[in-house]
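*Asks:* Given next are the chains, with one letter for each unit.
Number of protein chains: 2
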Amino acid sequence: MSKLLDHIDSPDDLKKLNLAQLQQLCSEIRSAIIHTVSKNGGHLASNLGCVELTVALRRVFSSPDDAIVWDVGHQSYTHKLLTGRRKQFPTIRCKGGLSGFPNRQESKWDTFTAGHSSTSISAAFGIAEAKALSGKPGHVIAVIGDGALTGGMAYEGLNNAGRFGKNFIVILNDNKMSISRSVGAIARYLAQIRTKPAYLRAKSHVEDALQHIPVIGGPVCDSITVAKTMVRSVLYNSTFFEDMGFNYYGPFDGHNLPQMIEVLENAGQIDHPILLHVVTKKGRGYSYAEENPDTYHGVSSFNILTGKPNAKGGDNFSSVFGSTLCSLAEKDSRICAITASMKTGTGLETFSRRFPKRFFDTGIAEEHAVTFSGGLASQGMLPVFAVYSTFLQRGYDQIIHDVAIQKVKVVFGVDRAGIVGEDGETHQGIFDAAFLNTIPGITIFSPCYYDELITDLHRALYEVPGAVAVRYPRGAEPFRPADFLRTGRDYDRYGPADASCAIVTYGRLFANACRAQQALQEKGIPVEIIKLNCIKPIADGAVQAAADKQTVFFFEEGMQQGGIGEHFLYLLFSKQFCGHAYLHGIQDFVPHATAAQCLQSLGLDADGMIQTITTECKN
Amino acid sequence: MSKLLDHIDSPDDLKKLNLAQLQQLCSEIRSAIIHTVSKNGGHLASNLGCVELTVALRRVFSSPDDAIVWDVGHQSYTHKLLTGRRKQFPTIRCKGGLSGFPNRQESKWDTFTAGHSSTSISAAFGIAEAKALSGKPGHVIAVIGDGALTGGMAYEGLNNAGRFGKNFIVILNDNKMSISRSVGAIARYLAQIRTKPAYLRAKSHVEDALQHIPVIGGPVCDSITVAKTMVRSVLYNSTFFEDMGFNYYGPFDGHNLPQMIEVLENAGQIDHPILLHVVTKKGRGYSYAEENPDTYHGVSSFNILTGKPNAKGGDNFSSVFGSTLCSLAEKDSRICAITASMKTGTGLETFSRRFPKRFFDTGIAEEHAVTFSGGLASQGMLPVFAVYSTFLQRGYDQIIHDVAIQKVKVVFGVDRAGIVGEDGETHQGIFDAAFLNTIPGITIFSPCYYDELITDLHRALYEVPGAVAVRYPRGAEPFRPADFLRTGRDYDRYGPADASCAIVTYGRLFANACRAQQALQEKGIPVEIIKLNCIKPIADGAVQAAADKQTVFFFEEGMQQGGIGEHFLYLLFSKQFCGHAYLHGIQDFVPHATAAQCLQSLGLDADGMIQTITTECKN
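Chains P and R are the protein sequences, given in the same order. Position one of the first sequence corresponds to residue 1 (our numbering), numbered consecutively onward. Position one of the second sequence corresponds to residue 620 (our numbering), numbered consecutively onward.
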C-alpha cells in the first residue's frame, strides 16, 4: 500500500498535507480505486473522474458537520477512502464489506444513502433547512452529475432550494464537456474573481467576458448526448441557475486541485445558494477508461494491464431481449424501443443502430419514458420500454395513469428483476412484481430461460391485450434440467405429478427448485414443481394443481408482503385447500453480496429450499 | 338552454360561426359551466379561465386528427361541451355521466386520459412521434398550466420534445400573471410579428423590445407563489424555452379570441416545437371566482347568486389533521409540515400561518417533497408530509429510497385514502395501502374516527420507530355506534366475542360493518368485527381473534390484489386456520360517482356486506 493514504484515518488528516502531498495522495487514491475495482468490479470511470474534487471537498469542509450529499453515489469511492474506511476498501461490494454507495448505516460520514439518480439537491436542501431550523452548524453540499440533471427531480430540487436565504452549495460535476485551452484560461480567470465574495459586486463587469465561453463542446453523437446537450445548453449559461435563485460560478477544471480548493473555500463564504460548475474527465488517469468512459462506467473484474474483463462474454437476458426485439422490429414497423439512459445495459445498442428512428433514449427520466410510451401506444405503435426493475419504481404512478387507465398496449422489458447482487440494497429488483401486481389489467410474465423470454415477448406484443411486463433477471440463464419440457404457456409442471408436496415458484428460482427437488427425492421426499411463467393473472390450472397437494411451498425472489405468493395463497385457499401452505419471500432490504450469496442468505438457494421443506415435512 | 351552443354537435360546427357568434358562444359556455358546477360541484375557476383558448383551439384545429392533450384535465369542460357532449354535460361527475376529466373511453375527442399533473408534454410528444413514424396527419398540442410546470416531469417532457424536428405545440396556460396595459400592448405587437413564419427571421430585431416585458407581476404572497414565481421567472423569458429547443411566443391575452385564433393559425404552420405563452384569468366571468380563484378551484355545489356553498362546513379529517398537527407543533419545534401544492386541501392553512418557517409547500413536486422530508428527518426534525393518497403514488421510489432505506422518521399524512367519489378513477385513493404494504419497516395506521386519527398521529411521531403513514378518508367521520369503545391500540374488537363469524376491516368501512352487523344480528347471524387500526404490521392478537372463528370476511376499501387482506389471510392460514375466509376488496379502477354510490357498486356498503355474508353463510 502507498504511503500517504496509509495515514489518512479521517478527513482531518488531509489538513496536515501540503499541496504536493495532496497531489501525490490523489495519485495513490487512483491506484487504490483501479486496483480494487479490477478485482471486485464496480463503478470505475465516474470515481476516477472526481478524485481531486473529493480531496478538495474534504480538505476544505469539516464533515460530518459539513454535510456532503452524493447524487446516485457511484462516485463516492474517494470519499470512502478518506473517511476512515481505507482498510476496508478492498471489501467494497463484497458480502459483509463496504457498500458501493454512500450508506448512512455504514458511516457517520455518509450523510444520505443513495443509489437512484437526481435526489441529491432535494435531500441536501432538507438537511440545510433542518440545520437552519435547529441551529446546527455546517455547510451542506450536493454533488450532482450532468446525467442526473436530465431527471425531473433535480429541477424540482433546484426550484425549491433556490429560495433559500443561506449558504447552500450544489456542485455540478460535469464529465461530458471538455474545456479547451482558451476557455480554460478565461475559466481560471473567472474562478478567481467570481468566487471571492468581495468581488461579487463587480460581477457585471465580467459579463461580457462570460459571453465568450462556448457552452457546448464536441460533436453530438447520439440521442442521449442530444438529451444531455439539451439540458447542458440550458443550464450551463448562468441565466438558468441564477433565475432559479442560484449564483452560478464556473466552469472550473475539476482536476486542478489548488483551484478547486480555492473555489470551495470561497464558496463556503457566500450567504446564498450557489452552483459550482466543475468539469471533470470520466476515467481520468486510466487510459482505457478515459478512452471509453461508457464501457468503464460500471465494470466486472478486469485485467489492469489490458483493460479486458476477466469473465468471458456471452449471452445474457439483456442481449437476448435486445436481439429478439430487433427480429420482431424487422417485421413490424410499429415496434419502438425506449430506454432511460440504459441503452447498453438493457441490450438495445444494436436496436438503436438498426432502427434509429424508432429508438428513444429519454435520459434518466423514467416518468417521462412511461408516459411517452403511453402516448406512442395511444396511436397504435408498439412501444417497449426496457428498464431496470429498481428504476421502474420511479414510474409507478405513470404506469397506473398513463398506461393502465388508458388501456393501451405498452410492453415493459423489466431487466435485472430480482436480486442483482453487488450493487446492493438500493438496486435489488425486488419490488416490481409486488407493485405491478397492484395495477388492474397488467399482465406479468417472469421467464426463467431465454426461450421463455422470447416466447413471452412475442405473447406480450401480439397475444395478450393491454399492458404487459416481461421481467427477467440480471446475467445469464440458470441451470436447466435436461428433461424439462416447457409448454410456453402460463405455467409448467415438473416432477412427479403424484407427489403430495409442491414447490410453487417463478423466474430463475425454478432452477434452484429443480436442484432442491433432486436432493429431496434422494431423501425420500418427492416434490412436484409448479413453475409460474405468467404471474399475473395466475392460471387457474396452476392453482388447482397446487390445491390437490397436501403441502405447498411458495418461493419468491421478491417482496413477500403484497407479493405474488400471498395472492397465490389467497387463490389456493379459495379452492377450499385443506393442506399446509408456506410462503418464503423477501422481507427486508437485501444488502450487497454476489447474487448467489444473497439468495443463500435469503434461504432461496437450493439448500435453503431443502432445509425449509425438510423442516416443515418433519413436523 | 342557450341558442348557439344548442347547435354545436362537433367542433366542425364552430367553423360556421363568425367572430361575434363565437364570442356569444363563449358567454353561453360560461353560463353552462357555472350552472352545472353550481349543481354538481367540480373544477370551476380553471374551466372559466380557458373558454376562449378552447374555442380558439377547436376553431383552428381539426381534431381528432389534431390531438389536444390537456394537462391534469380539470380545465376540459369547454372541450367537452364542444365535442358532442353538451347534452350529457349536466351529468358531469355523476354516476354514469361524463367524467370530470378527459377520458379516452368516453370520447374519441379525448386524446389522453388525464388526472395527475405535468404529464401532457410527455404524452403529446409520444403521440407526435407516433404520427411522424406512421405518417398519420394532424397537429399535436399540449395545454399545460403554470402550476404543472413545478413538476419535474414537465421538464423531462420539454427536454425530450425540444429535439423534435416537426410542428409540436405546447400552450402554457398561465393563469397567475396578469398583463398590465402596457405589456398587453407590446404583447399584441409581438404576437402579430412573432407567430408569422415570414417574420421569424426578423426576430432579432424585436429582442430589445422583449427585454422590457416584466416577467413577474404582483406581490409575492406565500410560498407556493414563490415556488411558481421561481419557475415563472426562469421559464417566461424566451431563453429557457429556446434553449430547450422550443420557439417561444408570447405572452398573449388568452381571453382575446380573435388574437388567439390568429396565433394558433400561425403556430400550426411552424415546422418546429413551439411554446405559446397564454395568460388567462382563473374564474373569468364569475366575480366570486375571479376574486378568490383558489377557493373556486374545486368546489362542492353552491348558490350562484351568493357564491356560497350549499353544504354547511364543519370538521373533516383534513381539518382535524391540521389542527392536531398545530397542537403538536406548538409543543415540539422539530415538527415540520410539507405539502405538494395542497395546503388548503390537506388542512394546513393554519399551520402555514402559525409556523411559517416550518411549513414547506414544494409545488406539484411529490418526489422532491418525499426526499426533502427524508433530508429533514436525517437531521432529527419530525417532517409530516400531508398528501392525497392518489398523488403519493408519484413518490413510491422516494419513499423506498429516501425514507425507508435511510431508516428515518417521516410521517405521511395520507389524505383522501380510499374512495374519493366524483373525481373518479384517476383520483381514487385505492393504491396507497397496497403499495406502502410492500415497503419494509413502514407502519401504516388507518383510523376510522377523528379521535383515532389524533391518537395515531401522536403514536406515529413519538411511539413507533421509522416511517409511518396515517391514512384517512375524504370528508367527515362516519357513523359510530354508541357502544364502541376504542382502545387506541392496533386493533379493536366489537360485537359478540363468541360469534363464529367475523368481519375484519379497517378505516371507515368499520362503520358499514357495524350497520351490517346489526342487520345480520336481526337475521340470526351474529358477527364479531375485528377492526384494524394498524394495518402494517398487523397485530398478532387480531389474527388470533380471527383464527378462532369458523368464517372470516375481510372487507377492504383498496386494491385487493397485493392488499392488506391477502396479507391478513396469509397470517390467518399460518395459524392453521381451518375455517372459511373470504376477501372482498377492489379489483379494478373505480369510475366517478358519489363515494356512497362507489362503495355500493363495489359491494362495500352495509347492504353489500350483508349480502356477501348471508350468501356465503347459506352455502
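Be careful, since some hints might not be right.
[To be verified] Covered stretches of chain P (chain R as the covering partner; in silico rule of three or more C-beta atoms under 8 angstroms from a C-beta of chain R): (1) 103 to 113; (2) 144 to 153; (3) 157 to 168; (4) 473 to 479; (5) 604 to 613.
Everything labelled a hint here was simulated from the structure, so no lab data went into it. Predicted model, so just to flag it, every value in this text is computed and none were measured. Just so you know, even glycine gets a beta-carbon here, dropped at the ideal spot from N, CA and C.
*Asks:* It remains to establish, for every hint, whether it holds in the given structure.
*Replies:* We went through each hint and held it up to the structure:
For the region 103 to 113 of chain P, the proposed coverage by chain R is satisfied: 5 residues have a C-beta within less than 8 angstroms of a C-beta in that chain, meeting the threshold of three. Coverage of a stretch by a chain is defined here by at least three residues with a beta carbon nearer than 8 angstroms to that chain's beta carbons; for the region 144 to 153 of chain P and chain R the count is 4, and the condition holds. Remark: the region 157 to 168 of chain P is confirmed as covered by chain R, as 5 of its residues place a Cβ nearer than 8 angstroms to a Cβ of that chain, reaching the required three. Proximity of the region 473 to 479 of chain P to chain R, defined as three or more residues with a beta carbon under 8 angstroms from a beta carbon of that chain, is not established by the 0 residues found.
Residues of the region 604 to 613 of chain P with a Cβ under 8 angstroms from some Cβ of chain R number 0, which does not satisfy the need for three, so the listed coverage is violated.
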